[in-house]
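2 protein chains.
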Amino acid sequence: MIDRLLDDLAGIPSTTVRTLVRQKSRDFFWYSPVLNAQLRDKTAEAVLMPRDEADVIRIAAACVRHRVPITARGSGTGNYGQAVPLHGGIVIDMTAMDAIEWQRPGMVRVGPGRKLIDLDRETRPQGWELRMHPSTKRTATIGGFVAGGSGGIGSVTWGGLREPGNVGMARVVTMEETPRVLELRDADAQAVNHAYGTTGLITALEMPLAPAWPWVDLIVAFPDFMDAVRCGHALALSDGIVKKLSAPIAWPIPESFLTIQQHCPAGQAILIVMVADSSLSAFKSLLRQHPAGTITYEKPSDETQGETPLYEYTWNHTTLQMLKRDRGVTYLQALYPAARLQDSVAEMAAMFDGEVMPHLEFIRVGGQVTASGLPVLRYTTEERLREIIAAHREHGVSIADPHTVTLEDGAGHKRVDADQLSFKRMHDPHGLLNPGKMRSF
Amino acid sequence: MIDRLLDDLAGIPSTTVRTLVRQKSRDFFWYSPVLNAQLRDKTAEAVLMPRDEADVIRIAAACVRHRVPITARGSGTGNYGQAVPLHGGIVIDMTAMDAIEWQRPGMVRVGPGRKLIDLDRETRPQGWELRMHPSTKRTATIGGFVAGGSGGIGSVTWGGLREPGNVGMARVVTMEETPRVLELRDADAQAVNHAYGTTGLITALEMPLAPAWPWVDLIVAFPDFMDAVRCGHALALSDGIVKKLSAPIAWPIPESFLTIQQHCPAGQAILIVMVADSSLSAFKSLLRQHPAGTITYEKPSDETQGETPLYEYTWNHTTLQMLKRDRGVTYLQALYPAARLQDSVAEMAAMFDGEVMPHLEFIRVGGQVTASGLPVLRYTTEERLREIIAAHREHGVSIADPHTVTLEDGAGHKRVDADQLSFKRMHDPHGLLNPGKMRSF
Numbered sequence: 001m002i003d004r005l006l007d008d009l010a011g012i013p014s015t016t017v018r019t020l021v022r023q024k025s026r027d028f029f030w031y032s033p034v035l036n037a038q039l040r041d042k043t044a045e046a047v048l049m050p051r052d053e054a055d056v057i058r059i060a061a062a063c064v065r066h067r068v069p070i071t072a073r074g075s076g077t078g079n080y081g082q083a084v085p086l087h088g089g090i091v092i093d094m095t096a097m098d099a100i101e102w103q104r105p106g107m108v109r110v111g112p113g114r115k116l117i118d119l120d121r122e123t124r125p126q127g128w129e130l131r132m133h134p135s136t137k138r139t140a141t142i143g144g145f146v147a148g149g150s151g152g153i154g155s156v157t158w159g160g161l162r163e164p165g166n167v168g169m170a171r172v173v174t175m176e177e178t179p180r181v182l183e184l185r186d187a188d189a190q191a192v193n194h195a196y197g198t199t200g201l202i203t204a205l206e207m208p209l210a211p212a213w214p215w216v217d218l219i220v221a222f223p224d225f226m227d228a229v230r231c232g233h234a235l236a237l238s239d240g241i242v243k244k245l246s247a248p249i250a251w252p253i254p255e256s257f258l259t260i261q262q263h264c265p266a267g268q269a270i271l272i273v274m275v276a277d278s279s280l281s282a283f284k285s286l287l288r289q290h291p292a293g294t295i296t297y298e299k300p301s302d303e304t305q306g307e308t309p310l311y312e313y314t315w316n317h318t319t320l321q322m323l324k325r326d327r328g329v330t331y332l333q334a335l336y337p338a339a340r341l342q343d344s345v346a347e348m349a350a351m352f353d354g355e356v357m358p359h360l361e362f363i364r365v366g367g368q369v370t371a372s373g374l375p376v377l378r379y380t381t382e383e384r385l386r387e388i389i390a391a392h393r394e395h396g397v398s399i400a401d402p403h404t405v406t407l408e409d410g411a412g413h414k415r416v417d418a419d420q421l422s423f424k425r426m427h428d429p430h431g432l433l434n435p436g437k438m439r440s441f
Numbered sequence: 001m002i003d004r005l006l007d008d009l010a011g012i013p014s015t016t017v018r019t020l021v022r023q024k025s026r027d028f029f030w031y032s033p034v035l036n037a038q039l040r041d042k043t044a045e046a047v048l049m050p051r052d053e054a055d056v057i058r059i060a061a062a063c064v065r066h067r068v069p070i071t072a073r074g075s076g077t078g079n080y081g082q083a084v085p086l087h088g089g090i091v092i093d094m095t096a097m098d099a100i101e102w103q104r105p106g107m108v109r110v111g112p113g114r115k116l117i118d119l120d121r122e123t124r125p126q127g128w129e130l131r132m133h134p135s136t137k138r139t140a141t142i143g144g145f146v147a148g149g150s151g152g153i154g155s156v157t158w159g160g161l162r163e164p165g166n167v168g169m170a171r172v173v174t175m176e177e178t179p180r181v182l183e184l185r186d187a188d189a190q191a192v193n194h195a196y197g198t199t200g201l202i203t204a205l206e207m208p209l210a211p212a213w214p215w216v217d218l219i220v221a222f223p224d225f226m227d228a229v230r231c232g233h234a235l236a237l238s239d240g241i242v243k244k245l246s247a248p249i250a251w252p253i254p255e256s257f258l259t260i261q262q263h264c265p266a267g268q269a270i271l272i273v274m275v276a277d278s279s280l281s282a283f284k285s286l287l288r289q290h291p292a293g294t295i296t297y298e299k300p301s302d303e304t305q306g307e308t309p310l311y312e313y314t315w316n317h318t319t320l321q322m323l324k325r326d327r328g329v330t331y332l333q334a335l336y337p338a339a340r341l342q343d344s345v346a347e348m349a350a351m352f353d354g355e356v357m358p359h360l361e362f363i364r365v366g367g368q369v370t371a372s373g374l375p376v377l378r379y380t381t382e383e384r385l386r387e388i389i390a391a392h393r394e395h396g397v398s399i400a401d402p403h404t405v406t407l408e409d410g411a412g413h414k415r416v417d418a419d420q421l422s423f424k425r426m427h428d429p430h431g432l433l434n435p436g437k438m439r440s441f
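Heads up: the protein sequence lines correspond to chains W and P, in order. Position one of the first sequence corresponds to residue 1 (this note's numbering), numbered consecutively onward. Position one of the second sequence corresponds to residue 1 (this note's numbering), numbered consecutively onward.
Worth flagging that the hints you see were computed from the coordinates, not collected in a lab. You may find that some hints are simply not true.
In this list, chains with the same sequence are indistinguishable; a pair is considered to hold if it fits within one copy or across any two.
Capping the alpha-carbon separation at 25 Å, the derived lysine to any residue pairs in SDA-like fashion look like this [said to hold, decoys possible]:
(1) K42 / T296
(2) K42 / M226
(3) K324 / A349
(4) K42 / L323
(5) K299 / S281
(6) K284 / R109
(7) K324 / L377
(8) K299 / A210
(9) K42 / L335
Can you make the complete structure from the sequences, with help from the hints?
Below, the structure is given as structure tokens:
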């Protein structure tokens with residue numbers, strides 16, 4: 001079957017070399033011991049590397065003809081196994097389709113395989129950058145972010161990808177007998193947002209841009225985690241301070257931040273902040289209302305090779321930094337209730353003291369400031385993990401379960417408003433796109 | 001007394017010509033019939049027009065020496081009588097001090113007398129503009145805005161002037177025997193924000209800037225006011241849509257909008273919107289979720305001479321547009337409770353149907369989206385006016401009373417967090433700055 005498929009697709013770069021195919025059949029699902037057990041042996045049979053949309057159309061048509069599943073991937077930085085083929089078939093690696101078609105003030109049109117860091121590198125000289133990016137900006141692609149992410153650094157100002165205006169257009173190839181090319185604009189583009197490539201193959205994106213402020217990275221140390229939370233929350237609520245990140249992190253997490261250890265006092269929580277340099281003075285003025293805090297680090301944010309911008313200690317990089325020292329941890333994805341945010345954070349931090357280590361990332365959801373968090377969890381058994389998730393939910397904290405491969409079970413608060421199921425029924429009638437990920441199909 | 005003062009101040013431009021002095025002793029207090037009765041005969045004895053800070057220091061010292069009150073003014077576009085001298089003395093007209101000292105990315109340093117429109121004109125070529133401005137942008141000065149305003153067009157994104165980060169620095173001359181010059185940064189600058197010049201004489205400001213997006217003006221007509229409110233609210237909550245104004249206006253107010261009457265269908269409410277051109281498509285996508293709305297006007301926002309940008313129909317220009325046709329109206333300043341915003345607006349609109357005509361301006365306060373409003377009111381008696389104000393307050397709507405000359409009575413939700421009274425006690429011990437306006441002094 002695969003041989004015939006590859007014959008049909010002659011001329012398109014591909015490989016069936018087992019180690020290469022296995023490598024491209026993986027993502028960072030191993031952060032979850034549960035997913036690790038489920039997914040570590042899954043693999044595609046071949047990897048196709050389209051060079052342009054015409055290649056993607058040929059691949060789609062051939063896969064429909066031969067009824068071969070397609071799992072699309074960018075750099076595979078996701079944590080939900082979204083790039084892991086559950087039912088073999090092929091992986092389509094989009095990283096070669098990385099051209100910027102055009103940039104205009106406030107908008108860029110780009111191939112799905114463009115790395116986020118390389119996208120900003122091209123738009124910054126004109127004064128623009130992506131509104132938000134995951135902590136994996138250095139390696140992740142824009143297509144993978146839209147298809148498998150939800151928000152990140154920048155979401156404290158702009159909200160997540162699902163907020164109106166945060167995805168301009170997604171061009172997708174459908175999986176019908178004769179594949180079509182659709183341009184989904186604005187709300188329509190939500191059909192492919194966080195759908196793990198189950199609803200169409202993204203061949204281009206128009207992404208809205210933000211003014212590229214010169215960012216300053218700061219660490220503020222606080223003896224008490226809740227003081228860091230209060231300060232980070234006050235910053236998130238300060239619409240007059242231009243910011244990109246406000247992330248309080250509880251001790252002992254910073255113990256694992258080896259390269260910035262001298263800026264993380266033993267036993268103390270830290271607040272990691274990115275503010276525009278023109279807002280630095282205003283931030284410091286705000287900080288005077290939180291006198292328990294001490295600035296231990298202040299430097300222009302630097303993403304050049306060999307440097308570690310502070311956002312690489314936040315979002316799910318926090319888990320990664322801990323995993324480097326201790327493979328016994330995993331994480332949750334929490335969204336705390338906006339109406340009783342600080343109380344809820346304090347409550348959950350006390351409930352699992354020592355077992356669940358909190359860090360928050362303040363974000364906007366539906367126009368309201370709240371905190372998401374990726375608390376690091378000392379893993380014992382899946383049963384205990386399920387208990388902890390249930391306890392969070394019982395106490396009003398939404399958990400998007402990162403220990404499941406399906407969109408529905410993992411979505412939680414990351415669910416988008418689009419009717420992705422109907423969209424899939426129309427455009428992938430044979431269910432060949434990343435099968436097994438959309439449970440309701 | 002004034003003669004000796006003017007002798008001391010020889011060389012500084014001044015006038016005692018009665019008609020000129022009377023003219024410079026007024027602002028737009030006449031929007032309020034109550035204030036109009038109280039203030040129409042108040043006047044200073046002379047007007048001084050300092051050319052620079054040295055002049056201001058000489059004036060301050062001489063006024064302290066002779067115990068002569070000083071009322072500072074810019075263009076006098078305020079509505080609270082803040083520029084009206086209650087106890088004679090001199091008016092200090094700051095409009096000649098209008099130089100831009102420097103601009104940097106995100107910040108400008110400017111004299112208090114600079115007109116807002118002329119400030120934007122200088123910063124826009126570099127890609128920047130003021131974060132917010134009142135509807136009187138064409139005539140108002142930056143010093144007057146900080147000393148007597150609270151927010152405006154832009155506050156739907158940036159919040160008001162009192163939000164941390166929205167005033168960078170205020171340089172003030174004190175009213176001590178030997179006047180001092182203070183540079184009040186960030187939170188400290190709140191000592192002069194909305195203090196009507198009672199706490200010091202502003203001689204320079206550092207104002208944070210926003211990226212100057214190319215703005216598009218739109219009118220969306222809705223048969224039902226509450227549909228316009230719901231749509232405007234949804235826009236205000238959409239962090240991914242770059243916007244500067246979202247203002248639903250109930251019929252019959254638009255009947256008075258003569259120059260845009262063809263875009264205001266009879267009997268319908270309108271929603272006036274400013275969005276960045278790169279967010280226009282996203283706004284129209286959002287609008288499809290509010291199908292009762294019809295776009296009747298769409299044009300790049302144009303502030304050139306002879307053009308009327310749509311913001312000149314919002315905030316307190318709404319009242320002005322009605323007053324042009326009908327001198328029997330006045331207005332309130334309302335802040336609706338964020339937690340039950342739409343219900344509260346509907347409740348108050350129904351309670352005074354025909355007597356109080358609502359329009360809202362969505363804003364951010366403390367990081368939260370809510371709506372302020374300057375409902376236009378058919379005036380009968382002061383007693384009825386007080387009844388209507390009381391009814392609003394009983395129903396949870398904060399009213400900043402625009403029918404009083406004192407800071408305390410008029411502050412309401414516009415009160416800033418600074419201890420302006422202590423500041424005044426230290427820096428104006430003889431109470432010579434705009435006496436009568438700070439009641440608690």
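Item to complete: Determine which of the earlier numbered hints do not hold for this structure and return their numbers in increasing order.
Response: 1, 2, 9
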